[in-house]
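Student: Letter by letter, the chains look like this.
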Amino acid sequence: MDPPSSLKLLGSWADSHTHRVQLALKLKGLGFEYQEEDVINPSPALLLHNPVYKKVPVLLHNDRPVVESVVILQYIDETWADNPIMPADPFDRALARFWCHFAEDKLAPAVGAVFSSSGEGQKAAVDQVHDNLKLLERELRDGEFKGKRFFGGDKIGLLDIVLGCGSYWLAVFEEVMEVKLVDPGTFPAFHAWLKDFEEQNEVKETIPAIDKLLEYARGIRQMMLSLSNGTSTTAPATAGTTSAINVTVDGSSG
Amino acid sequence: MAAAEGGEVKLIGSWPSPFVLRARVALNLKGVEYEYLQEKPGPKSELLLRSNPVYKKIPVLLHHCKPVCESMIIVEYVDVVWAAATRAILPADPYERALHRFWAAYIDGKLFPSVVAIAKDEPKMAKVEAVEQLHTGIKLMEEAFERLSKGKGFFGGDAIGYLDIALGCFLGWFKVCEEVTGLKFLDEEKSPLLVGWAERFCSDEAVKDVMPENERLEEYTKLCRAFAAD
Chain A
1 MDPPSSLKLL GSWADSHTHR VQLALKLKGL GFEYQEEDVI NPSPALLLHN
51 PVYKKVPVLL HNDRPVVESV VILQYIDETW ADNPIMPADP FDRALARFWC
101 HFAEDKLAPA VGAVFSSSGE GQKAAVDQVH DNLKLLEREL RDGEFKGKRF
151 FGGDKIGLLD IVLGCGSYWL AVFEEVMEVK LVDPGTFPAF HAWLKDFEEQ
201 NEVKETIPAI DKLLEYARGI RQMMLSLSNG TSTTAPATAG TTSAINVTVD
251 GSSG
Chain B
1 MAAAEGGEVK LIGSWPSPFV LRARVALNLK GVEYEYLQEK PGPKSELLLR
51 SNPVYKKIPV LLHHCKPVCE SMIIVEYVDV VWAAATRAIL PADPYERALH
101 RFWAAYIDGK LFPSVVAIAK DEPKMAKVEA VEQLHTGIKL MEEAFERLSK
151 GKGFFGGDAI GYLDIALGCF LGWFKVCEEV TGLKFLDEEK SPLLVGWAER
201 FCSDEAVKDV MPENERLEEY TKLCRAFAAD
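These protein sequence lines map, in sequence, to chains A and B. Position 204 (the first sequence) corresponds to 204 in UniProt numbering; numbering is contiguous. Position 129 (the second sequence) corresponds to 129 in UniProt numbering; numbering is contiguous.
Rather than coming from a laboratory, the hints here were simulated on the basis of the structure. It is possible that part of the hints are untrue.
Using C-beta positions, here's what the derived DEER-type ranges look like [claimed, not checked]: (1) P123(B) <-> G121(A): 19 to 29 Å; (2) P84(A) <-> K150(B): 46 to 56 Å; (3) A84(B) <-> D38(A): 45 to 55 Å; (4) T136(B) <-> G31(A): 33 to 43 Å; (5) A124(A) <-> C224(B): 24 to 34 Å; (6) D93(B) <-> D89(A): 55 to 65 Å.
Virtual Cβ for every residue (Gly too), placed ideally from N, Cα, C.
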């Protein structure tokens, strides 16, 4: 195993994509140095190592940057063979990658829209989240993941990490926005999987406490409302707020 | 024979699609025999809807009747399943693989949408931004090519690799968009390496018989625009 100093992660404490990488490194038993980034004011290091997107997370391995959380996860898995994250079977790999794409392309933007909208727009966003969760629920109950404890099988894998690190926002947004997103009656398999995932030691060590997340989300929501009412003179620029929201839910560039 | 080792292979596709082309090039590189199922214009086939219920889009690879969706996911799948057939599509080194995957995601997330925005009749500001994004993207790809090719002919080195497929399959559409908009996407002055690479890619054995001819794509574009105008 490489000594910890060869691995450094630039991340943000409330960023789900950063959590993905932290969790993967933990599952692999890899030590790393962590540098907290201000997502509204990226550090010179972040701008240097991710000039294309200027966003977290960035994993530095022997000073070489790897960017984009799903790319990082596969890089980690291919560099350190123990405790594999990717399934062994090529079809299962393709399936895991497909649903990771779905999570980033469909689910995350829908969840983000719930948070950043109101009224009719929010209702439409909630419906969108439900439609997306129905697809996952179907796969868990009757599809390719039927009978499995986790998407990765007996252990957490790539898809669990990608979906799980972000799904905690569902409970946070339910409380802050006063909407129902994951009704255990409607999505029993997804609900059960999420609870099981969140109980894993490595996950508990990675995801911030719910109180902190609630406080953070309430703060952002307040800023957004202030900006749209034009009442705040101290709120950061809209772009900054958007970055914060994007980091919260959508994570980095992708 | 590659197909006999792997079992029955089908590809649901549509001839103008650059995403379908990616899957076809990968299969050709590996010498895989497959049945090509061309989606007809109009309502989507039952097979497509059943095989890709989430997105209902092509390409879909059916291997042992099991569907694999999303073009670059299909490319990786083909690379692993027919690993013994010919040289690998993805590089062996994990860091190089990460770079290929990163740039492929950039192409789909940033470069391709800017091309679409330019080709469509978008409002002026959106078009200006799209053109800027395109030029930035091409510049970045030129730099990526210099770094990844290491003086050889392709992003993958001596032969077509993952990133060659990701970008190369848009070359037909780049040409059509150039005709339609009068913009230059790849040019000798700003992206000389990519210009040379584009010729090599399009004339490669695995590509030349499946890349749609320019005239056919132009006709298709005219039809689409006529439909959109109606």
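Student: Name the hints, by number, that the structure is in violation of.
Tutor: Structure breaks hints 2 and 6.
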